[in-house]
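Visitor: Chains as they are written, first to last, in this note's numbering: chain A, 1 to 460; chain B, 1 to 209.
Worth double-checking, as some hints may not be accurate.
Footprint (simulated), chain A over chain B, 3 or more residues, beta carbon under 8 Å [stated by the list, open to error]:
| no. | stretch |
| --- | --- |
| 1 | 51-64 |
| 2 | 90-104 |
| 3 | 137-144 |
| 4 | 176-186 |
Every beta carbon over 12 Å from chain B, so not counted as near; a handful from chain A, in silico [stated by the list, open to error]:
| no. | residue |
| --- | --- |
| 5 | D87 |
| 6 | E88 |
| 7 | Q191 |
| 8 | G230 |
| 9 | I262 |
| 10 | G303 |
| 11 | K371 |
| 12 | R373 |
| 13 | N393 |
Keep in mind the hints are simulated off the structure, nothing from the lab.
Positions of the beta carbon are idealized from the N, C-alpha and C atoms, including for glycine.
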Amino acid sequence: MTTAYRVWEMMERSKTGPHIEEDDFLPKLFTPTLKKLITKYEIKFDPETPLPSDDAMADRIWQAGWDLFRKVGIYNTDSHRIIQVSDEEIKEALYVAKDRYWVGAGKDAKLWKHRQVEDTEPPFCIYSPDITVDEHLHHSMCAAYLKEPLLDGFCAPILENAVGQLIESGGPTEINGCIQHIYNMRAAARQLGRPGTFFVAVGTAEHDSGQIAVSDNEWGVRTTDSRLVGTLTEFKTANTLLNRSVHYAQYGCYTGNLTGPIYGGWCGGSEGIAVTLVAYSLNGLLIHGAMFNQHFPFHLNWGSNTTRELLWSIAMAGQAMARNSKLLYTSNGFANAGPMTEMLFYETACHALVSTVSGWHLWEMASTRNKYRNRATPMEARLGVEVGHAVANMGMKREQANEIALKMLATYEDEAATASKGKEYQECYDVQKALPTPEHYDMYRRVKDEIADMGVEFPF
Amino acid sequence: MSLKQLSKLVADGEKEESEALARELLAQGTDPIEILDDLTRTMDRVGELFANLDIFLPEIILAGEALTAVVDIVKPKLKSTQRLPSKGKVVIGTVKGDLHEIGKNIVKLMLETNGFEVKDLCYDVDPLDFIKAAEEIGADFIGASSLMTTTMPRQQEIIEFLKDKGLRGKYKVVIGGAPTTQIWADKIGADLYCEDANCAADKMVAIST
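Same shape as in the complex, but just chain B (with noise of 0.2 Å):
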């Protein structure tokens, strides 16, 4: 039993077994953080797996699920001087009018994997339902997927519901989508633009600091 067979396990998505180990781990007096800080080394590798296409979504998943569960078991058992690294709350949805969400799942995965907090508002999302949960969860960011040019500028809704309210400095706007541009981003006065899943957490990151 190690940290080492445990990082495998999450990488091939035994969500079972990885939970079972984490148990054992814990009892045995592995210290919680190592075992957190391990599992993001991991994910690193798996998500550069995936950037490259060497595995497939199906399988980026299992390991995000399997590491989910490891998370669930060994947050409890943090000391209250540790803290779980958070790099952020981020709301993200796709676009009112838009039924399309596979990018914006991708997405979702990689920044939960990444040490983010998501809440994921799914599709066809109203720009005031993005402000309302923002608000509800004290986000971060909020982040709006399109993938069609029809439903674009509900991207740009979202910006100027924020400055009608008062509140554009209070979170920033990321957005992404197929036919979105850093050309577009500029345009509607998006804090950032996203190109692809792989880079959006890197780059919130960076922008947070």
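Pulled out of the complex, with its shape left as it was, chain A reads as follows (with noise of 0.2 Å):
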């Protein structure tokens, strides 16, 4: 079972919880309390060390997250009120929550494990391009990626217009928007030979409504499947992301709390980002009923997670997680740079390396600061997923993944704010066939070539 058991007591409370003003909740709740936190358990970014290897101070930072989450609640923008649990009530919910799930249908079913720090057991690995796409070329996109090899799930493009018309959030366009989205997954998975493949889907619903229409087990986004329900940034939820989660449980499929704290805003630095990501991880299991949780940190500026004071909270908070629970979490790369560029496979490989060794599974990857239409293809990600299957294998030690980190670090860190925005999708692709130029072959494997000679030995 999920923890979704508390659902009714959990919208309950965002009825009758406390009281706040909107204004206030950021900078005079969740703000003060966690600079206090971060203060209390005496947690400190290290730039020299993007990967640490402090047991003391990963736990540390999961007991900050705890009381974070605790002493702050969820703030309700639609009731104006605090959703609120008590000590007990996570102790239990970490209690009942699973170590593993199956999810996906079939023969294409996967087994999704916790994962320990340098867990030798490979991640989970969901490909994502997390971007917008043109219409025409959806299918052969999530074709690109199905084809993948070490896919275990699937979370395709978004789609900006369907038939012709603009997709509007809320709207009738949305609707029909979301139906194609699916339409074009199923289709792919069943054309690649994968039809019960495991997808998180689907991304071209901003609304509830959109989400709620495609929920069907014939043709539509299967109980053997995820969706995401979102926190809005920091700490806040509304009535919209609610009924979300209120459906997928009803409906029966899983549920990933996505969440997205920003370094540089109300979290402040990497230290705060790893203990709210902690936080949000108890939210997704407290508030949603999650069964796994999808992080996405960002920096203000870039919009990307590779630099090192990103990789930092990523370190930490995973390790945070894997010593002290036994929850699910992936690990979702945003990259400053575009496709077909060394820099991206670079930021790619370095943000699979750090997750991994640090108790993650894998979501890749953003590329182009997740801002550009058709900027993604499946090699980066490929790249970034073999690296982790690698560094798994190898039982890689955090002190040594670090120095790896810091040696891919120096090729693309001082271009973060300047990075290419590479190529388009049809422009590294064969549309037709789904399948890699040549040159953006070559150049994926020249990069797998160099992060074999820092140490990475790749099964393949």
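Take the two lone chains, each set in its own frame, and fit them into one complex as the hints suggest.
Guide: Quick look at the structure:
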């Protein structure tokens, strides 16, 4: 079972919890509480070590995240009240949550298990371009990703248009776009001989109505698939989001909790991001009954998480959760550079390396600051996932991974603010065959060889 | 007691102490315009620190609140011949269907600390409400933020409604938000695209002259 059993208690609390003005919630409650906890638990970012091996600090970050969630709660912007939980409820949910779930269907079903720090079990790898795509490229891109050998789960690109109409959130065009979205995914999965592949869908739905419209075990999102419910940055929800939680639980699919704490925003710096990531995972478990948490912390100015200030947060939050819970959580890479650039390959590889060794599962890869249409391909995700498998198979220790991460960072970190946008999908792939161009493949192969020279032993 | 001390208190976000010192400076005869000019330079420096993320959002918000508090004290003391410099009136909000507002809030803060008068309509704002608010306050700019690709069309709707009402030439429409681009701004006929909060004030000044 998942932890959605208290869903109605949580919904009631959003109507009866403590009131605070929305404008006061973050500056007067969230940020001051977070700052005090960072001081209390002596959490300190070290830029020289993007992947620390500090178990004691990881455990303190876990406790700080726990305290943050319990003391602050989650604010409902519709009811203007705070949903709060008790220590007892957190303990209960952590006890009840399973450490493994079967996801997907039939021969394509996969077992998704909790990982430890420096785990030798490869991460569960969800491929996702995370960006929007032209309508005529959507099916091809779905097929290209579903051709990836190490894919465990798939989240398709987002449609901006369907049947020639611009998709508008909350309107009929969104419902239509969401149906087209899942149709393209299903068709591609069937054609590729992977009809039961685990989907996280549908990203085209910004509004709850779009998500609810595609719940169907025959043609739509199945109960063996997952759906995401977001949290408004930071620590806020709304009825349109809670509608999703309730629907997912009642429909019977897996809920994923989607959060993106912002470096430089209300969380402050690296320490605040690490603590908030832990707190968000408890939010997913308790408020949304989530089976997994999908985290994409990012830099306020760059929209990325592949530089050391974010890698540190990812590393420490991952280790905190791996050591103190049996939760499932994916690390969602956000790169500065665009497709068919060496920088994007290195950013993805470094993100996957740090995440995997720190106990995360992988969700790769948003490129080009997750901003530009058609700018993502399966090749960067492939390299990241191959790095994840390699370092897990090797049982790589954090110290060695940190050394390799520093070498990778040296290849791109100075260009974070000025990274190239690279090329669009149709410039890197044969759209009809959904295969990379020779030029694109060669670049991937070259960077992979360079990473192998750094000490990563790829299985193939 | 000096303007230098006041500048530091405001930069540090010490609201109450800033208010007290501002009152003392005024009582001593310090020219209100001199205080405001000095604090404008202070906020330029604070804004630059934030742009580089040498400080974070909570710190600049505290500094902005301290500045606003001091301005509220100093403003009534201006002589009739003196005028608080305003770079323009702005109606700002996140478009309908979109509940994300951190980016919009940062832009609002940067505009206010750079001498704009800002009316914040918050989030999930109907296109017609942007126009109504602009008419009510006699705005120069309408600023519309969108964080989701499926809410970007609402930015276009504001411009289309302005055309329908014969008001298009009356307001400069400024757009921004994570998925928006200059290409999108050109496509929908926006007057200005701001790729981040830090550039908004300068760009808006540039197109208003």
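Visitor: Grab the minimum beta-carbon distance between A:K371 and chain B and tell me whether it stays above 12 Å.
Guide: violated, 6 Å
Visitor: Test the statement that A:D87 is away from the interface with chain B: the closest C-beta pair must be farther apart than 12 Å.
Guide: Given that every Cβ of chain B is farther than 12 Å from that of A:D87, nearest at about 27 Å, it holds.
Visitor: Grab the minimum beta-carbon distance between A:I262 and chain B and tell me whether it stays above 12 Å.
Guide: Given that some Cβ of chain B is not farther than 12 Å from that of A:I262, nearest at about 7 Å, it is violated.
Visitor: Would A:G230 pass as off the interface with chain B, using Cβ distances and a cut of 12 Å?
Guide: Since the minimum Cβ distance to chain B is about 9 Å, A:G230 lies within 12 Å and the statement is violated.
Visitor: Please check whether the stretch 51-64 of chain B has three or more residues whose CB lies within less than 8 Å of a CB on chain A.
Guide: holds (count 7)
Visitor: Test the statement that A:E88 is away from the interface with chain B: the closest C-beta pair must be farther apart than 12 Å.
Guide: For A:E88, whose nearest Cβ neighbour in chain B is about 31 Å away, the distance exceeds 12 Å, so it holds.
Visitor: For A:N393, which was marked as not at the interface, is the minimum beta-carbon distance to chain B over 12 Å?
Guide: holds, 36 Å
Visitor: Going by Cβ atoms, does A:G303 stay more than 12 Å from chain B at every point?
Guide: Incorrect as stated: the minimum Cβ-Cβ distance to chain B is 7 Å, not above 12 Å.
Visitor: Can the stretch 176-186 of chain B be counted as covered by chain A under the rule of three residues or more with Cβ-Cβ separation shorter than 8 Å?
Guide: holds (count 3)
Visitor: Taking 8 Å as the Cβ threshold, is the statement that the stretch 137-144 of chain B is covered by chain A upheld or broken by the three-residue rule?
Guide: Result for this restraint: violated, n = 0.
Visitor: So is the stretch 90-104 of chain B in contact with chain A by the C-beta rule, three or more residues under 8 Å, or is the coverage claim wrong?
Guide: holds (count 6)
Visitor: A:Q191 clear of chain B by more than 12 Å, beta carbon to beta carbon?
Guide: holds, 27 Å
Hint compliance for this structure: hints 3, 8, 9, 10, 11 and 12 are not met, and every other hint is.
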